[in-house]
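Produce the complete structure using the sequences and hints provided.
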Amino acid sequence: MTGISRTWWKTTTGLVLTALMLFPVYWMINVSFTRDQDMRKSPPALFPVHGTLEGYRAVLDQQLPYLGTSLVIGLGTVLLTVALAAPAGYALAKLRPRGGGLLSFLFLVAQMIPGIIMAMGFYAIYLQLGLLQSVPGLIVADSTLAVPFAVLIFTAFMSGVPGELLQAAQMDGAGPLRTFRSVVLPMSRNAVVTVSLFAFLWSWSDFVFASTLAGGGAHEPITLGIYHYIGNNNQEWNAIMATAVVASLPAAVILVLAQRYVAAGVTAGAVKD
Amino acid sequence: MNRPTGRRITAAALTVIAVATGTTACSSGGSTSAKDEGSSTYTIWDPYPQFAKDSAWAKLLDGCGTKAGVKVKRTAFDTSDLTNKALLAAQQNNSPDVLIVDNPVVSTLAEAGVLTTTDDTKLDTSTVDPNLLAAGQSGGKTYGTPIGANTLALYYNKDVLKKAGVDVASVKDWKSLTAALAKVKKAGKKGITFSAIGTEEGSFQFLPWFWGSGAKLTELDSAQGVSALKLWTDWLKKDYAPNSVINNTQTTSWQEFASGDYAFAENGTWQLANAEKAGFDYGVLPIPAAGGGNAAAPTGGEFVTMPVQGDTGRYATTQKLVSCLTSTDNLYATDTTLSYVAPTAAVQDKQVASDAKLKPWVEAVKAAKGRTSDDLGTKYPKISEQMWKAVQTALSGAKSPKDALASAQAAAK
Amino acid sequence: MKQTTHPPDPRLLDRAGAATAAPPPVRTASRRRRRPRSRQWAAWAFLAPVTLYLALFYAYPLYRNLDLSLRNYTVRSFVQGDAPFTGLANYRKVFDDPTFGPALTHTVVFTAVCLLFQYAIGLALAVFFNQNFKLSATLRALFLVPWLLPLIVSASTWSWMLNSDSGVVNSLLGAIGIGPVNWLTSPEWSLTSVIIANIWIGVPFNLVVLYSGLQSIPTSLYEAAALDGASAWRRFWSITFPLLRPVSAITLLLGLVYTLKVFDIIWIMTKGGPADSSTTFATWSYRLGFGNLLPAFGPGAAVGNLLVVAALVFGLVYLRVQRKQALS
Numbered sequence: 001m002t003g004i005s006r007t008w009w010k011t012t013t014g015l016v017l018t019a020l021m022l023f024p025v026y027w028m029i030n031v032s033f034t035r036d037q038d039m040r041k042s043p044p045a046l047f048p049v050h051g052t053l054e055g056y057r058a059v060l061d062q063q064l065p066y067l068g069t070s071l072v073i074g075l076g077t078v079l080l081t082v083a084l085a086a087p088a089g090y091a092l093a094k095l096r097p098r099g100g101g102l103l104s105f106l107f108l109v110a111q112m113i114p115g116i117i118m119a120m121g122f123y124a125i126y127l128q129l130g131l132l133q134s135v136p137g138l139i140v141a142d143s144t145l146a147v148p149f150a151v152l153i154f155t156a157f158m159s160g161v162p163g164e165l166l167q168a169a170q171m172d173g174a175g176p177l178r179t180f181r182s183v184v185l186p187m188s189r190n191a192v193v194t195v196s197l198f199a200f201l202w203s204w205s206d207f208v209f210a211s212t213l214a215g216g217g218a219h220e221p222i223t224l225g226i227y228h229y230i231g232n233n234n235q236e237w238n239a240i241m242a243t244a245v246v247a248s249l250p251a252a253v254i255l256v257l258a259q260r261y262v263a264a265g266v267t268a269g270a271v272k273d
Numbered sequence: 001m002n003r004p005t006g007r008r009i010t011a012a013a014l015t016v017i018a019v020a021t022g023t024t025a026c027s028s029g030g031s032t033s034a035k036d037e038g039s040s041t042y043t044i045w046d047p048y049p050q051f052a053k054d055s056a057w058a059k060l061l062d063g064c065g066t067k068a069g070v071k072v073k074r075t076a077f078d079t080s081d082l083t084n085k086a087l088l089a090a091q092q093n094n095s096p097d098v099l100i101v102d103n104p105v106v107s108t109l110a111e112a113g114v115l116t117t118t119d120d121t122k123l124d125t126s127t128v129d130p131n132l133l134a135a136g137q138s139g140g141k142t143y144g145t146p147i148g149a150n151t152l153a154l155y156y157n158k159d160v161l162k163k164a165g166v167d168v169a170s171v172k173d174w175k176s177l178t179a180a181l182a183k184v185k186k187a188g189k190k191g192i193t194f195s196a197i198g199t200e201e202g203s204f205q206f207l208p209w210f211w212g213s214g215a216k217l218t219e220l221d222s223a224q225g226v227s228a229l230k231l232w233t234d235w236l237k238k239d240y241a242p243n244s245v246i247n248n249t250q251t252t253s254w255q256e257f258a259s260g261d262y263a264f265a266e267n268g269t270w271q272l273a274n275a276e277k278a279g280f281d282y283g284v285l286p287i288p289a290a291g292g293g294n295a296a297a298p299t300g301g302e303f304v305t306m307p308v309q310g311d312t313g314r315y316a317t318t319q320k321l322v323s324c325l326t327s328t329d330n331l332y333a334t335d336t337t338l339s340y341v342a343p344t345a346a347v348q349d350k351q352v353a354s355d356a357k358l359k360p361w362v363e364a365v366k367a368a369k370g371r372t373s374d375d376l377g378t379k380y381p382k383i384s385e386q387m388w389k390a391v392q393t394a395l396s397g398a399k400s401p402k403d404a405l406a407s408a409q410a411a412a413k
Numbered sequence: 001m002k003q004t005t006h007p008p009d010p011r012l013l014d015r016a017g018a019a020t021a022a023p024p025p026v027r028t029a030s031r032r033r034r035r036p037r038s039r040q041w042a043a044w045a046f047l048a049p050v051t052l053y054l055a056l057f058y059a060y061p062l063y064r065n066l067d068l069s070l071r072n073y074t075v076r077s078f079v080q081g082d083a084p085f086t087g088l089a090n091y092r093k094v095f096d097d098p099t100f101g102p103a104l105t106h107t108v109v110f111t112a113v114c115l116l117f118q119y120a121i122g123l124a125l126a127v128f129f130n131q132n133f134k135l136s137a138t139l140r141a142l143f144l145v146p147w148l149l150p151l152i153v154s155a156s157t158w159s160w161m162l163n164s165d166s167g168v169v170n171s172l173l174g175a176i177g178i179g180p181v182n183w184l185t186s187p188e189w190s191l192t193s194v195i196i197a198n199i200w201i202g203v204p205f206n207l208v209v210l211y212s213g214l215q216s217i218p219t220s221l222y223e224a225a226a227l228d229g230a231s232a233w234r235r236f237w238s239i240t241f242p243l244l245r246p247v248s249a250i251t252l253l254l255g256l257v258y259t260l261k262v263f264d265i266i267w268i269m270t271k272g273g274p275a276d277s278s279t280t281f282a283t284w285s286y287r288l289g290f291g292n293l294l295p296a297f298g299p300g301a302a303v304g305n306l307l308v309v310a311a312l313v314f315g316l317v318y319l320r321v322q323r324k325q326a327l328s
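Residue numbers (my numbering), protein chains in the order written: chain U, 1 to 273; chain P, 1 to 413; chain B, 1 to 328.
Treat each hint with caution, since some may be false.
Unchecked claim - For each label pair, taking beta carbons as the anchor points, the in silico distance ranges come out as:
1) G81(B) with D403(P): 38 to 44 Å
2) Q131(B) with M171(U): 36 to 42 Å
3) D82(B) with L102(U): 20 to 26 Å
4) A45(U) with D82(B): 55 to 61 Å
Hints are computed from structural coordinates only; laboratory data are not their basis.
Every residue, glycine too, gets a C-beta built ideally from N, C-alpha and C.
Shown next as structure tokens:
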């Protein structure tokens, strides 16, 4: 069979494409090992020849607690986003509520509000509620980055669920909630994973909310940790890049695992028509 | 009524409530507002996130709190974020008791009515160098006291100059500096690097040349002003300065100098520690004015201010805190860690006595000028924005220096 | 939408549900036979959390942004909260600004080019990764890594690579004999540079969403087409592309909204310069409101609202298309 040689060829192409895509990431890693005096060498060194671990030393000394906070916030955001958006997507896609179109429309508009204006609004609200510098507060704020997206994505995906399946469930005496839980949700697994991924990524890399709402608190996410190396007149670039590398490692592992999970679900033939 | 549906709705609604209350319930524990921790806690905001909880700076704040008989809660913010944060907090009546901000921001915050004057709070500023204090004054009132100052000068690489056959003593005015750059280029090295980025940093770096030409900020397009911008533009055209300066921050520009290829770099006091690490012999030279002598450089560094509070009874304690922070001993310690020049003569002497390398910097700071001085106040930010735009426009070749400054002047008015 | 608070008392739950399901029950039942009452109830029960959420967290900021743009805010009146109402004066000011024309052009070019390339590259990659080959899942996951980096880091890395003098891109170009390009510092190239960086950042999003869309297309369709002897190219255009339409539409719409909004990348790489050559509405809005020692909140918010209006228009177009599709 020619199958093997053909997949081999595809794997190579895939590797090349990925390498191209990740070149900037490599460059960041390169800088994280570079000594101060070599940072702007011309022409630049493609490998950190006179590498230094200075950046990493600073990061490992100071940044690990921030990673934990970011992880908690990321997972919290994922849960909240899916819990809010999945039922909404189902209703908009399948139950045809009156005013549903208007609602999707509002979500679209909501996404256009500049992050910094959102953050100013949250600041005023949280100050009244005493939620400033709290982890749950930041989770709710970060979820606003993902919820409108999630609702629209769930709507788009769930409208693809065949109507006959829902009718069959209804015939069996299942109400909307049961239909949702045992038919629609399992069939929308891809959407759930997609939404979760982005909800996680957005909250992981959020800076505006973190800085306005959590700045100076006991629990700061990793994006604020980076600012330890950005002073008034001076930036320690190897430490900044090292923080980014250290910060993306655990998240990268999560990503790869999540992708495995999707792939496994698909090949197991999860739900087919 | 359709019963099953009803129950389902109840269940759905229950989840709503659970979600809604769940999020608020777990967070009601930690109260975080600046004021609700009682009158014995005083809040301090500073732009020094690089100092962790166990740093000397944090300990100094705690110590001053203990002396004043109160607890201090310190929060460090990113500088670029602090102005907005301070305005937002003031709008919500949540200002900190002590606010340490970059000096050109003081006049903006004062204009907003966020800051108290030193008359209100009886803060003594008599020992502070008047040229430094001026950055925190507007309309005849003083809105804080500097914690330290820095300014710009020219660092030079002795090895590069030697190879190019340039005697640094010959660099006295723009003409001799340009001649030196030409020699350096001929020797196969690079001339000078600076930062002309499209932010306040760019204006900060251009000002010594602008002032050194004899120009005034109220008239950007004067013949002198144009000559300053022409100086920079010509350097770029002749390749004495790299094209990347248009996008350089002061850090990037420093990294270029640290590569050892450049003869000169315009940079600040704060790079002293890095200069020691650079691995080549360096010197420091005041920025020359157009026709000789030293140009006035702008002052950098932060001010300690006391924002307006609803409860004016707090000022007395806050004043104690600020006085403690700016006492001679503490200023010495703080300015050493920040690599700043102290704002009072007594501490400056102490600094020079312990580190002779600081001497040219102390002199530079004494000759320096606040950006918002000359009673420009909140007019400065507008002028500055047009100025950095004009610099970028001219350096990138989009317009001639003259046209760029002419449209800047028109827009700044 | 009218509802802003939810009574926590469990006894009121039923009624709360009814209130959320806004349409008066009696009339609904008699007039709308196609939409049974119980179903309406259920629908709005599913929508209640998110509606509440929308009202709680978006209404106020949206109102704020509108209010900021209609008043003459100085720093003083921002703090004291007594800015005089000036109607559309801020908008007039923005329209008359010499930056308006270039910013509009740049926004249109930036958005259109980014969207086109992100979608095309994303779709091509999604189709490619949809074939099962060794490492496909892992490589696909790695494509997401750029998203893990805080924007300040990825944008700084790009400006590092594109630096005129010490950047790796110019050094590689030099190796093949092309002279240095002033990517970030010349008015001719700056917009191209930020577009390249933004495409790079946007590709993973398109890839993931479109890939998930591909996964929902039943494989039996392809098998049948293959039996009919349809070529891969044919299968793509007659099966993949049409069936992917709803997901494509939403991807493009979201991409549009996100691209219109992009400011961090441009801000970090070029600050919109030099000489406004890479200024878009988003960076202009930020520069007016926050990029200066003396913030001009009013005009900043006005520019921001112009973007909201642009998104509104495209949202309407989307709804129109969607409705047409639903009817057909």
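Structure-based check of all given hints:
Between G81(B) and D403(P), the C-beta spacing of about 42 Å keeps the proposed range 38 to 44 Å intact. Between Q131(B) and M171(U) the beta carbon distance is about 38 Å. The supplied range of 36 to 42 Å therefore holds. Look at D82(B) against L102(U): about 35 Å separates their beta carbons, and that is not inside 20 to 26 Å. A hinted range of 55 to 61 Å for the beta carbons of A45(U) and D82(B) is consistent with their spacing of about 58 Å.
Comparing the model with each numbered hint stated earlier shows that hint 3 is the single one that does not hold.
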